[in-house]
Every structure is written in structure tokens, then in C-alpha cells.
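A.B. asks: With chain V fixed as given, assemble chain B onto it according to the hints.
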Amino acid sequence: MEPITAPAIDLVSLAPVLVLSVFGIMVLVTDLFIGKDKSVLVFISLTGLLMGAISSLAKYNLPVHSFNGAYIVDHLSVFFTFIFCISSALAILVSVDFNKREGIKVGEYYSLILFCTVGMVLLASATDMIMIFLGIEIVSISLYVLAGIRRNDPKSNEAALKYFLLGAFATGFLLYGMTLLYGSTGSTKLVMIASAIRNGGVASEPLLLMGVVLLIIGLGFKVAAVPFHMWAPDVYQGAPTPVTAFMAVGPKAASLAAFYRIFSEAIPQLSPSWEILLCVVSVITMFVGNLGAIMQTNIKRLLAFSSVAHVGYLIIAIIAKNSLSSSALMFYMLTYAFMIFGTFGIVILLGRKGDENLEIENYSGLAYKHPVLALSMTIFLLSLGGLPPLAGFVAKFFVFSAALKEGFLILVIIAVLNSAVSLYYYLKVIVFMYMKDPVKEFDITLSPMTLFVIAISIFGTIQLGIFPDSIIALAQAN
Amino acid sequence: MELLIFYPLAGLCVAFALGVVINNSPVGSAMSLIAMMLGLAGIFVLQQAHFIAVLQIIIYAGAIMVLFMFVIMLLNLKGSGEDASWRSRDKNLLMTVLSGFLVAGLLYKILCVLNSGEFDSPASLPENFGTAREVGTILFTEFVLPFEVASILLLVAMIGAVVLAKNKVD
Chain V
1 MEPITAPAID LVSLAPVLVL SVFGIMVLVT DLFIGKDKSV LVFISLTGLL MGAISSLAKY
61 NLPVHSFNGA YIVDHLSVFF TFIFCISSAL AILVSVDFNK REGIKVGEYY SLILFCTVGM
121 VLLASATDMI MIFLGIEIVS ISLYVLAGIR RNDPKSNEAA LKYFLLGAFA TGFLLYGMTL
181 LYGSTGSTKL VMIASAIRNG GVASEPLLLM GVVLLIIGLG FKVAAVPFHM WAPDVYQGAP
241 TPVTAFMAVG PKAASLAAFY RIFSEAIPQL SPSWEILLCV VSVITMFVGN LGAIMQTNIK
301 RLLAFSSVAH VGYLIIAIIA KNSLSSSALM FYMLTYAFMI FGTFGIVILL GRKGDENLEI
361 ENYSGLAYKH PVLALSMTIF LLSLGGLPPL AGFVAKFFVF SAALKEGFLI LVIIAVLNSA
421 VSLYYYLKVI VFMYMKDPVK EFDITLSPMT LFVIAISIFG TIQLGIFPDS IIALAQAN
Chain B
1 MELLIFYPLA GLCVAFALGV VINNSPVGSA MSLIAMMLGL AGIFVLQQAH FIAVLQIIIY
61 AGAIMVLFMF VIMLLNLKGS GEDASWRSRD KNLLMTVLSG FLVAGLLYKI LCVLNSGEFD
121 SPASLPENFG TAREVGTILF TEFVLPFEVA SILLLVAMIG AVVLAKNKVD
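So the protein lines, in turn, are chains V and B. Position 162 of the first sequence, counted from 1, bears residue number 162 in the numbering used here, the numbering being contiguous throughout. Position 166 of the second sequence, counted from 1, bears residue number 166 in the numbering used here, the numbering being contiguous throughout.
Treat the hints as calculated values from the structure; they're not laboratory data. All of these numbers come straight from a predicted model, not from anything done at the bench. Beta carbons: idealized from backbone N, C-alpha and C, even for Gly. Hints may be right or wrong, so weigh each one.
Chain V is nowhere near these chain B residues, computed Cβ spacing over 12 Å in every case [to be verified]: (1) ILE57; (2) ASN92; (3) SER151; (4) LEU155; (5) VAL163; (6) LEU164.
Simulated crosslink set (DSBU-like; lysine-lysine; CA at most 35 Å straight-line) [unchecked claim]: (7) V:LYS100 x B:LYS109; (8) V:LYS105 x V:LYS59; (9) V:LYS353 x V:LYS36; (10) V:LYS105 x V:LYS440; (11) V:LYS405 x V:LYS100; (12) V:LYS300 x B:LYS166; (13) B:LYS109 x V:LYS155; (14) V:LYS59 x V:LYS100; (15) V:LYS436 x V:LYS36; (16) V:LYS59 x V:LYS353; (17) V:LYS105 x V:LYS353; (18) V:LYS105 x V:LYS300; (19) V:LYS162 x V:LYS405; (20) V:LYS162 x B:LYS166; (21) V:LYS100 x V:LYS36; (22) V:LYS405 x V:LYS155; (23) V:LYS428 x V:LYS36; (24) B:LYS166 x V:LYS36; (25) V:LYS405 x V:LYS353; (26) B:LYS166 x V:LYS353; (27) V:LYS105 x B:LYS109.
With the rest of the complex left out, here is chain V (with noise of 0.2 Å):
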């Protein structure tokens, strides 16, 4: 019996998935030594996302591959870790205070977050449709659990559920996408199912395509794209408000970097079949997100329609697969990041125990009481409605030149009218701020590390609105 030779295993490149899973597990192991004190966990998670980000940069010659081609460094990895680890700092940081006043003293819940950043780096590297199986998994089955990590409240359990079932319905046709995607090519890597499809070594045509289908089915559920978004606003309005924020940011982030990367790199050629779809299914999220938005009375259902619309403008930068749409999503997303987990901070600052204030009618007034937090709140809206000067607006012109140098020019007129309708809403939580007369007491307890977070994406927000090129410039990299 001849032994098996060790194939060549590449570490390095590894090196943020290696540094972020020790650290979660450091996390559940500190756990058991400590008291009902989580702060500690709280400093070793923020330490592991800080490794992560730098170890991600161990690589230079950039694009690296390694594992027979699963695996890969490149820009877009890079810098979507960076996105990733940002916002799971951030997520961490208002969760504090969060999990304080609410009563969450699980210490699991820190490194939830920590092996979701693994699935997400995961994700945004893996270059084998097994591994992004893998990634997307892990991600999802840690956001099952955070979702509905409130086990005494039935909003959160319902959250939970709803978005466990759903989400194992659509890995089924992730799965089964990719399955037919093998079957046809004969290769689970995405290089060898282009060159399959491109040197005529498919098996079966429509086979190819209807994995293509199944694909943007299962694709489309986890980032939330109409008509696979009916979960959004429920698991959004029921998990706890920080976890909501993680979940609308990197997750999202880590299944469109996928996305972008399995329909560029793997079935580019198949792009007269698919744009149509894409066009589609774009621009109908665009309208159900923005129309369904404005119904809306909660903050928490209200953020999450518009998070649904934004993934309409961010498929579009799926569908122009330049590389300049590639950097486009990449800068979109850190932008996103800031302006969500801004917004999502003022959210949770303004709730009490027991009462969370999540209705529209709650913010009245809150200009005169607390002018800072209003005026906080205002930029984060009118940059996610995407006004000049705010990152908000250089985000969309990005995703949107990145089309137009396609000559997609309507779906960009229909976007842009989007982003329009899309300020009516926005406006209305401005309005209620400046223009209504409190209808009950602020109680707020300024909390130093939610407050951290505000500061933090306002400076990105008016950073990167005004001075967008250096970030620009590292994300055209490649």
C-alpha cells in the first residue's frame, strides 16, 4: 500500500481564516473561566478581528493561488476582508451596551461573529464552488443562531426559525445549481468551468443553464434580491438590533463578492443567457425594495426594504463584470458598512430595556432634545439615499458609470429614479426628527461605545464621500 503523497498546502494565504478561527475558539474557551463579566471576550474578539485584517495582507503578488486552485488571494479578497473585519468590529462594539441592557450574557455570542467573519473571508477567497458552499453555510448557521440568540423573546425565536427554514430551502437550490454546474463541465472550480464552457466541453446545454437558474435562486435568497427577499424584513425586525446590522452589512457583502466572482470567473461566457435575468431581477428588487419601504412605520422593517434596494444597485454592478465594477461593489460595501452600522447605532441608543422605540412616530422631536444625534442620523440617511457630498452618492456613481461603460443606459435610469423614490423615505425619518413635536421623553444613556461607533461612521461616511480616491485606488488594484 503506497503512502499518499501530502499535497502542497499553503498556509499563508490562509492566514486570516487560521487567525480568525483560534481566536473564536480562544473566545469560547476564555468563556467558561469567567464570570457573568463579558468585556474580556469583547477585547479578545476586537484583537482577532485586528489580527485578521492585517494577517490578510500576508501575500504580496497579488493574485496567489494555492489548494489545486479552491483558494485565492487577490484584491478583491483583500480588501473584502477588510470590509468584513470592519464591520464585525463595529458589530462587536455596539453590541456591547446592547447585550447589557437587553440581558445577553452569552459569551458564544462573540465568537458567532468571529467564525461568521471566517465563513464570510472564506467566501469571498474560495474559487471552487465547494468552498463557497462551505463559506456560505458557516455564514448562515452562525446568523441562524445570532438571529435568534434572545431565546426568551418570540420575535427573535420567530426571526430564527423563519429565516432557518427558508435559508436551508434555498441552500437546497444553491446546491443543486452547482451540482447540475459540475455535472455539465465535469469541474467544481470556477477557471475549469469557464475553460469547459469556453472550449466546448459541456455536456449538456440546458443542463448548464438551468444550474445557472438554480444558482441565482440560491444566490439571490442569501443577499436578499426580490422575489427571494421575503424573509428580510421579519429576521430583520426580530433579531436583535446589532445582530440586524451585521446581518444587512458583512454576509451580504460576503455573498455578493461570490456571486460576483462565480459570474465573472466561472460562466462569463454564459453572459447573453444571464444578463437578462440579472436585469430583471435587479430592477424589480430596486422597486419592491424602495415602494415597500415607504409603507413602512417600523425603522427596523424600514432599513430593511432599503437594504433589499440596495442590493437592486449592487446586482447591476454584478451584471456590467468590469473591473471597474468590481472595485465599484468593493468601495459600495465599505461605504454601506459605515452608513448602516451608523444608522443602526442611533437605532439602538435611542432603545431602552423593554422598549425599543423601533417606530418612525418615536424619533418626533428629537432635533431639540438631541441635536448631535439627529444631525448623525441625518447624514446617514441622506448618504444612503445617496446626496452629494456624502460616500453614499460616490458609491452609486461608481456602480453606476461601471454600467453605463457597459451601455447598460436604462437599467442606470431606472436605478437612478430609484435612488430618488428612495429619498422620499429616508426624508420622512428627517421630517419626523426636525419637524414634529416630541410625542414622549427621550430617556437615552449615551453609551461611550455606541457613541464610538457613530463617530466612527460619520467620519466614513464624510471621508469617503469627500476624499474617495485613495480607497478608490486601492480597490482598482487589481
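C.D. replies: Relative to the frame of chain V, chain B by itself:
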């Protein structure tokens, strides 16, 4: 020799598959399903796919069926009783006819393919294809990264289950 083993196994599989559908009590159905899975595992062994055969037994006949039994017992389904077992449920004529057509079409297609002679010369596979040894080799060489990452996935799932099901949160 192979045929001698194959036909009894196939017959058993079909018989137990029928048993799953016809059986009156849910527990009986589940038991027939297990027996059917074991038969299938035997057929996999005949096809040189030892690894899949073992997985079939461990995962389907073992883990998944245990889950099935748990659900059946938790729901406390009675075989026949006042809750009109499924056998006497209203039959939907349209659905019956439609599924009849579906089955007939499938059988026709299968016959066509069999007659076309496409399967007369099966594609030749490498000698050890599908054996536990071969699968293991691939798992530790080509797919070593997914193999290791799967362990993170399992760890996360385990943590999640413990967090959600833990008896008392202090």
C-alpha cells in the same frame, strides 16, 4: 454471480419501497424505509462504490432515520384511528390522472433510452473508482481544504445548537 446477488437485492428494495407507501402505521413505513436503504447500500457495494454504501448506512439508515423516528414519536402519530389515515383521504381525481400521465411518460422515455443502446457500453472507469481508499486519497489531497473547512462548519453548528438548546442561561 453478480446478477445472483443483484436481483434479490433489487427485489427486496422494490418490496420495501412499496412497504413504505402501503404501510398503515408511520413507524412501519419508517422501518421499511430503513430496510430499503440497506438494500440500496448493497447495490452500491455491487457497483464498487463502497464508500457511498457505508455512507448510505451511516447517514440515511442511521442518522436521518433516527430523526424521522423522533419526529414520529414526538408528534405521536397514530397508525389508524379517528383521524382518518391517509389511505381513506379524499382522492383528487385530476391529480391522480396527471401523475399517471407523468409516470407513463417517464416509463416511455426510459424504454426509449434503453432501446437506443446508449447504455450498452458503459463508460469505463478507473479500477478503484469509488472505493473508500480512492475517496480517502482525494479527500486528503485535492479536497483537503474543503475537508478541513467542513470541521469549522460542524463546530459552528455544534456551538449554535448548544447555545439555543442550553437549559438555563445564567
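A.B. asks: Now, for every hint given, state plainly whether the structure supports it.
C.D. replies: These are the hints, each one checked on the structure:
1. ILE57: holds (22 Å)
2. ASN92: holds (25 Å)
3. SER151: The claim breaks: SER151 of chain B does not keep its Cβ more than 12 Å from every Cβ of chain V (closest is about 10 Å).
4. LEU155: Incorrect as stated: the minimum Cβ-Cβ distance to chain V is 7 Å, not above 12 Å.
5. VAL163: Incorrect as stated: the minimum Cβ-Cβ distance to chain V is 5 Å, not above 12 Å.
6. LEU164: Violated: least Cβ distance 6 Å, not greater than 12 Å.
7. V:LYS100 x B:LYS109: Answer violated: LYS100 of chain V to LYS109 of chain B is near 64 Å, above 35 Å.
8. V:LYS105 x V:LYS59: Judged against 35 Å, a Cα distance of about 38 Å means the pair is violated.
9. V:LYS353 x V:LYS36: holds (19 Å)
10. V:LYS105 x V:LYS440: holds (30 Å)
11. V:LYS405 x V:LYS100: It is violated: about 49 Å lies between the C-alpha atoms, which goes past 35 Å.
12. V:LYS300 x B:LYS166: OK: LYS300 of chain V and LYS166 of chain B at ~29 Å, within 35 Å.
13. B:LYS109 x V:LYS155: This hinted pair is violated, its Cα atoms lying about 50 Å apart.
14. V:LYS59 x V:LYS100: violated (39 Å)
15. V:LYS436 x V:LYS36: Distance of about 42 Å is beyond 35 Å: violated.
16. V:LYS59 x V:LYS353: This hinted pair is violated, its Cα atoms lying about 46 Å apart.
17. V:LYS105 x V:LYS353: With Cα atoms ~15 Å apart, LYS105 of chain V and LYS353 of chain V stay inside 35 Å; holds.
18. V:LYS105 x V:LYS300: holds (23 Å)
19. V:LYS162 x V:LYS405: violated (40 Å)
20. V:LYS162 x B:LYS166: Given that 35 Å is the threshold and the Cα spacing comes to 20 Å, the pair holds.
21. V:LYS100 x V:LYS36: holds (11 Å)
22. V:LYS405 x V:LYS155: With a Cα-Cα distance of about 45 Å, the restraint between LYS405 of chain V and LYS155 of chain V is violated, given a limit of 35 Å.
23. V:LYS428 x V:LYS36: Cα-Cα ~41 Å, so violated.
24. B:LYS166 x V:LYS36: Cα-Cα ~16 Å, so holds.
25. V:LYS405 x V:LYS353: Given pair LYS405 of chain V, LYS353 of chain V is violated - Cα atoms ~50 Å apart, limit 35 Å.
26. B:LYS166 x V:LYS353: Holds: LYS166 of chain B and LYS353 of chain V sit about 24 Å apart, inside 35 Å.
27. V:LYS105 x B:LYS109: Answer violated: LYS105 of chain V to LYS109 of chain B is near 60 Å, above 35 Å.
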